[in-house]
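With these hints in hand, go ahead and build the complete structure from the sequences.
Take a look at the letters that make up each chain.
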Amino acid sequence: MPGFGSAEDVFRREAVRIVASLTAATGDLELAQDAVQEAFVVAMSKWPANGVPINPAGWIATTAKRRAIDQLRRDQRRSEKLLLIAALEREPPNVESHQDEILGLIFACCHPALNIESRVALTLRTVCGLSTAQIAAAFLVSESTMAKRLVRTRTRIRLTGIGYDRPAPERLSARLPAVLAVVYLMYTEGHTAAQGPELTCEAMADEAIRLGGLLEALMPGEPEIMGLSALMRLNHARRNARSEDGNLVLLADQDRSRWDATEIDAAVGLVHRAARIGGVGSYWLQAAIAVEHCIAPTPQATDWAAVVRLYDRLVDVTGSPVAAMNRAIAIAERDGPEHGRAVLEPLRPLLDDYLYFHATDAELARRCREWSIAAAAYRRALALAQNESQREFLVERTSSLATRTS
Amino acid sequence: MIVRLVTVPFVVRAVEGLEVAVEYALLIWKKWDDAHDLSREVFAKYGEFGEAANEAGILRGGTALRPAIATTTVRVRDEEVLLSDGPYLESKEHLSGFYVVDCDSLDDAAEWAARIPDATTGAVEVCPLMTLD
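Protein chains in written order, with the numbering used here: chain A, 1 to 406; chain B, 1001 to 1133.
A portion of the hints provided could be inaccurate.
Selected chain A positions facing chain B (in silico; Cβ < 10 Å) [to be verified]:
id	residue
1	111
2	160
3	165
4	168
5	169
To be clear, the hints were calculated from the coordinates, so they are not data collected in a lab.
Even for Gly, the Cβ is constructed at its ideal location relative to N, Cα and C.
Shown next as C-alpha cells:
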C-alpha cells in the first residue's frame, strides 16, 4: 500500500490540526478527540481495501466532523447542540491553516489552573498524539489509571471554563511560562527515568523537542521558546555519550566525538538569534551555559569564566538553589575546589535532600583531598539514588575513594 | 445582626452564537485576625473593586461576611440539630465574602479574582456556578 507504511505518523502529525479545529468549533475537546479517533479507526479499516485517499487529512477531517455531528445529535442533554451542529455543517473541513487553533489547544492543555502532571499527560495525548498506553508507561501507571486521569483533566477544562482560544496578546506572556514548564518537564522526565534501570526514555524527550519546534513555528521570535528548544537540543546532542553500557558518564568524561555536531550547530544558532531578539530569561541562560559546554573541544577548554557569569545571571533571575549549586561547580572549575566548596556550603540546608548536592559535595571534597568527608557525602548521595545508573556510578566513585583512604 | 448567605439561583448558560458566558462565584478566604470589622482602608479598596467590576459589566452580586467570630455551624445528625461555635473548617483562613461575576473564561474570572484586595494575603476560590445543561 503506497504511502501507508507510516500511517501512524500521518495520523499523529495531522491529528492535532483536526482536533484543534473541531475543538475550536465545538468547544469540546473530548468530543473532538473521540471523533478524530473514530475517523482514524474507520480509515484503518477502509483504506487497505479502497486505497489511501488523495487527501488523507481532508478525509479524516470530514469523517471526524460527521462523527462529531452524529454524537451531538445523540446527546440528549446539550441545549446548544443545534447551534453547534449548524456551525459544524457550515464550516468546510479546511486543514490547511489552523495555527491559531493549535496554539489555543496547546495553551488550554497547558493551562496553569491544571496540575503539572495532568498538563503533561494531556499535551502528550492531544498535541503529540501518543497513545494512552504509551503515556501510562512513561508515567509508570496502568493504562486505565492514565485514561481516567485524561478524562478528569478534559472534564476539568470544560467545567472551569478554560477556553480553547489562542490567548489574547496581552495575556500571552503571562500564560507562556506554564506551557514551557510542560515542555521542559516532558523533556526532563524523558531524560531520566527516575525509577527504572535505564537512563533515558527516548519517546518523551523526542516529543518534547518536537513540541518545542512546533511552538517555535507557531510563535516565531519568542526568545524563551527558542531558549528552551536550544537547551533541549543541546542536551539531546550529547545523548550518545552520556551512558556506556547503561552506566552514567559525567560531562567532563564524555567522548565528545559522540556528540551530534549538526544538532549543536543548529542550537547554537538558535541561542544567538534569541539573544539578538532580546528578553533573556531562565531557559535562554541555561541554553547559553549548555552552549559553552558544547562548543568546548575538551573539558579543559571550557570557558568557565563565561559559565560563571551566566550562572550569576541565572541565579539572579530564578533564585534557584540548584542553579546556585551548579554555579558553585563552575566557580570550582574557574578558581579551584576550595572556592567552590565555600560557595556550596551555604546551600546545604536548602538542598540536603538533593542527591546531586551530596555528589557535588563529595566531588569537591575529593579534589581537596578530604577523603573521609568525600566518602560520607557519597554515602549520603547513594541513599538518595533512585536509578540504577546513578547507584552504580556512585558506588564506583565511593570505591575509588576507598583505595585512597586505606 | 447575622448576615445570611444569599443563595444564588441556578443559571442557564447564555449562548450567543457559540460564545458561552459562565458565572463564577469568587469565594474570598482571609487570614483570621482579631478585627471584628473591615477597616476603612480595606472597605475603600473593596469599594473600588466593586465599582470596577460593575463598570466592566461583569458583577452579578456579592457581599462581605462578618468575621468568623460571628459564624455558627449547623449539622443535623439522627434528626438532631447540632450547633457549634465558629466556622466548619478549623483553619487560619476563613470565608470573608464573595462576589458573583459573569465572565467569558476562567482566565477572565481569575484576573478579576486577582484584583480582590485579600488575594494578596489570603486566597480567592474561583468556582463555576452549576448550570442547567
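Against the structure, the hints come out as follows:
1. 111: OK, holds: residue 111/A within 10 Å of chain B, min 8 Å.
2. 160: This interface hint holds because 5 Å falls under the 10 Å limit.
3. 165: 8 Å, holds
4. 168: Holds, about 9 Å.
5. 169: With a closest approach of 13 Å, the residue 169/A hint is violated.
Of the numbered hints stated above, the single one contradicted by the structure is hint 5.
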